[in-house]
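The listed protein sequences correspond, in order, to chains A and B.
Here the first sequence stands for residues 1 to 479, where the numbers follow the numbering used here.
Here the second sequence stands for residues 1 to 479, where the numbers follow the numbering used here.
Fair warning: there could be bad hints in the mix.
[As the list claims (entries may be wrong)] Taking beta-carbon pairs under 10 angstroms as the criterion, some of the chain A residues facing chain B (in silico):
| # | residue |
| --- | --- |
| 1 | E111 |
| 2 | R115 |
| 3 | L117 |
| 4 | G118 |
| 5 | P121 |
| 6 | S157 |
| 7 | V195 |
| 8 | F245 |
| 9 | A261 |
| 10 | P365 |
| 11 | T407 |
| 12 | A408 |
| 13 | W441 |
Please keep in mind that the hints were generated in silico from the structure rather than gathered at the bench.
We put the CB at the ideal spot given by N, CA and C, even for glycine.
Listed here are the chains, written in short residue letters.
There are 2 protein chains.
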Amino acid sequence: MTRPSPATPRAAHTATGDDLVRLLPPPPPPRLDSGTVTADPGILAAHRADHATFTPAGEPAALVRARTTADVSATLRLATELGVPVVPQGTRTGLTGGANAVDGCILLSLEKMDRILGIDPVEQIGTVQPGVVNAVFSREAAGAGLFYPPDPASWESSTLGGNIATNAGGFCCVKYGVTRDYVRGLEVVRADGAVMRTGRRTAKGVAGYDLTGLFVGSEGTLGVITEATLALRPATAEPLTAVAFFATAVEACRLIVELMAGEPRLSMVELMDAPSIEAVRAFRDPGFPPGIGAALLVQSDSAEAAADLSAFAALCGRHGAEVITAGDREESRMLLEARRMVGPAVESLGTILPDDVCVPRRALPDLLAAVGAIADRTGLTITCAGHAGDGNMHPTIIFDAGDPGQTALAQQAFDDIMRLGLDLGGTVTGEHGVGLLKRGWLRTELDPVAAATHDAVKRALDPLGILNPGKVIATPEGD
Amino acid sequence: MTRPSPATPRAAHTATGDDLVRLLPPPPPPRLDSGTVTADPGILAAHRADHATFTPAGEPAALVRARTTADVSATLRLATELGVPVVPQGTRTGLTGGANAVDGCILLSLEKMDRILGIDPVEQIGTVQPGVVNAVFSREAAGAGLFYPPDPASWESSTLGGNIATNAGGFCCVKYGVTRDYVRGLEVVRADGAVMRTGRRTAKGVAGYDLTGLFVGSEGTLGVITEATLALRPATAEPLTAVAFFATAVEACRLIVELMAGEPRLSMVELMDAPSIEAVRAFRDPGFPPGIGAALLVQSDSAEAAADLSAFAALCGRHGAEVITAGDREESRMLLEARRMVGPAVESLGTILPDDVCVPRRALPDLLAAVGAIADRTGLTITCAGHAGDGNMHPTIIFDAGDPGQTALAQQAFDDIMRLGLDLGGTVTGEHGVGLLKRGWLRTELDPVAAATHDAVKRALDPLGILNPGKVIATPEGD
């Protein structure tokens, strides 16, 4: 990669840096021996944005497909020297614009750093490069008798680097926690290109600050993850699945509050409200009975799964809900498929604006009722499905993006749902992250001192503001 | 509290700050309405140091016993204004000098902020002030049918604020994780006295950087914790206990490697080597058979505890170890007591230097063998007990502090054990923290870039270096 001429778009970002560089003897140019650099307009266009709606994407100057940590380091050294923004990317399955290009940036793809470096059954850890797809790693771990729990909906396509950068969740969090709970150590390249290791390979350790945790969920704004040591668990039993049908989503939520106040030992507690079920029906028949107001899908993978599901059925009986337990693996798969279909089903109905609020569980009935009221008021379809056992729901607004009135209503509904989540004691993002989409709402959720502390941490780790500027933290470059 | 005259010890630290203050109009003095301030020499002397050996303690200028967050904020505002170091303290049960005074400092005790603010059985969280003693909270949670797992050996006297600041571990980590895994959100007072909230009350959340995690384990060097929201679990079954006796500690470790590579579901896996057993015998007879080389104490609190212990016994049988299962609660208590007695027993034998290495589990046999070799070489008694299921052992060197030769040998042995831990792929501290004792070793464990990143984070959150200077991070004030 050669130094850009002043005529390139990134020159706008680098006046001060360039002035300084001209005064100093030229350093040896960083080498990108194995990385592929391209400025092909078609390739850049294909890499400009992630899966988010309503988030702007700028014009990238180049794409670097890193193959080694040295490539990442060289790219960041160069970017620091030139003051050019760098936007790290995996497979761009994110839902907040976190991987969207900013004008004049280097898109730094980690997709080709896709090797599983080792799986250790004795220590129950795996070591991976960031571009390994979640499902590829999960299957490799399963082959060694181990289990990697984090299972975002995108697990067949999203990368572990992206999962770590966004602290991804999924179906299994209700029993097994989120990505953060499985990251023991990282190799990280800082904004200046320096490479460091954080964390440990041991089960415990308190040597110094939890830098590992700081990078988890930082969405590429503090450093670029080039390797991760992930904790694994012993493989579980084949899960049993049941579905319960309720007259209303609020009724289902009342049961969830009672269920989760005990020790349900369930490995999945997923809710689909009536609009979600209707969307799925229009897409592919899930075989649910007609006229139901909500479905609750649960699994147990414990050694006493049958007893767990019996206890669940008994609780449902007390709430007047009908329960069907899957008789075999195929029925189990079909029930799960109904839940997994919500995503593609709603996408087939129009433009979607998926939200990601997480509230205290006891606030779930209020959340569902209020989302229903927002749908009624706006006349828009809002599906509400999600990880109800964790209080984490994905109200998804469906609208016609060609209709300015509907678009305005949809954006208002989106904001109303986030305000609602905060008013109910929750957070504006349970698992999708902040990216571009919610950086304003992050400032609303954080108190001013916490917000200033975020800024201080960002400045400490990325003093030039070149790392994914404008994401999470609104830096001068990104504003 | 009045401003110090230049004659006080802290003036040495504040020349620049004082000069500046003289040039500016005086700000309204921070108020310590409810806090008790004392400079009584006897009280200061009693609060000068924690439970660590071989760590220097300076001369404090004053002790503030905060009763409210406002007291903490006022103290830190004053300290920032005057450039005076502040050393936060709980009940000073730490083992690394982390709570030791530095010359001219304000000792900021959180011990009187000891209220449990709420326990919520539906959300399974508790909210506490930092001075609540672990056991007080654990019992209160148990009264609500809930379980707070972190159980450091000091749990009857150490505070939750201190547990969080050091990311305390304990017996139950092998199944339930460490303190970090239970901290959902914090109220923190920054170095400048500004108050912020971090984290959340919900089960999940990814809104912004994990500042909560950054403060956990930061040992009072980044901010002062004034409130915490802690996750709780449903109460478990009464645990069953068993003990297995081995010819050598290395044999016991080989069994642990095999045990932990499966899913043992044990809630405790504690090892005592022969010197530990001898120390306990000299203190109070644990009723163990004569001539044994190691004891492994295990518990299961699962619904299938009897089956878990049978599986453990079968494994022990294959390793030629004799197993005794406690027949009732009293026998169980007595077995546990034998392990808990290691601490007081070794303290009764001389001056002790307790270490805290954590290694990959497969390295446990090598660790125990090498610690034995260090004991042989130095002629010192080194007991080796600890949380073997996590690979976290506490080799403890016993010596005569009045004998300079023995003292030098003890310090050399201590360093040799930390080097050994690192060479085996482990960490210099599994759960005790860095404090003063290991700040040099932290620099050895961290690579230079990770060390520089620690410094950058410290500077970002504590630009004047007044928060517990010299602990964890060697700041100019603390060097």
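Structure-based check of each hint:
Among the interface hints, the one on A/E111 is violated; its C-beta lies about 22 angstroms from the nearest C-beta in chain B, farther than the 10 angstroms criterion. A distance limit of 10 angstroms between C-beta atoms decides the matter here; for A/R115 the minimum to chain B is near 21 angstroms, and the interface restraint is violated. The restraint placing A/L117 at the interface with chain B is violated, with a minimum CB-CB distance near 15 angstroms, outside the 10 angstroms limit. Interface hint status for A/G118: violated, as the beta-carbon distance to the closest one in chain B is roughly 13 angstroms, over 10 angstroms.
Nearest Cβ of chain B to the Cβ of A/P121: about 6 angstroms, under the 10 angstroms cut. The hint holds. At about 20 angstroms, the closest approach between the beta carbon of A/S157 and any beta carbon in chain B exceeds 10 angstroms, and the interface hint on this residue is violated. Proximity of A/V195 to chain B holds as hinted, the smallest CB-CB distance being about 6 angstroms (cut-off 10 angstroms). For A/F245, the suggested interface contact is broken, since its CB lies about 24 angstroms from the closest CB of chain B, more than 10 angstroms.
Using the Cβ-Cβ criterion of 10 angstroms, the hint placing A/A261 at the interface with chain B is satisfied: the shortest such distance is roughly 5 angstroms. For the restraint placing A/P365 at the interface with chain B, the shortest Cβ-Cβ distance is roughly 12 angstroms, beyond the 10 angstroms limit, so the hint is violated. At about 25 angstroms, the closest approach between the beta carbon of A/T407 and any beta carbon in chain B exceeds 10 angstroms, and the interface hint on this residue is violated. Because the smallest distance between the Cβ of A/A408 and any Cβ of chain B comes to about 25 angstroms, over 10 angstroms, the interface hint for this residue is violated.
Restraint check, A/W441 versus chain B: the minimum CB separation of about 8 angstroms is within 10 angstroms; hint holds.
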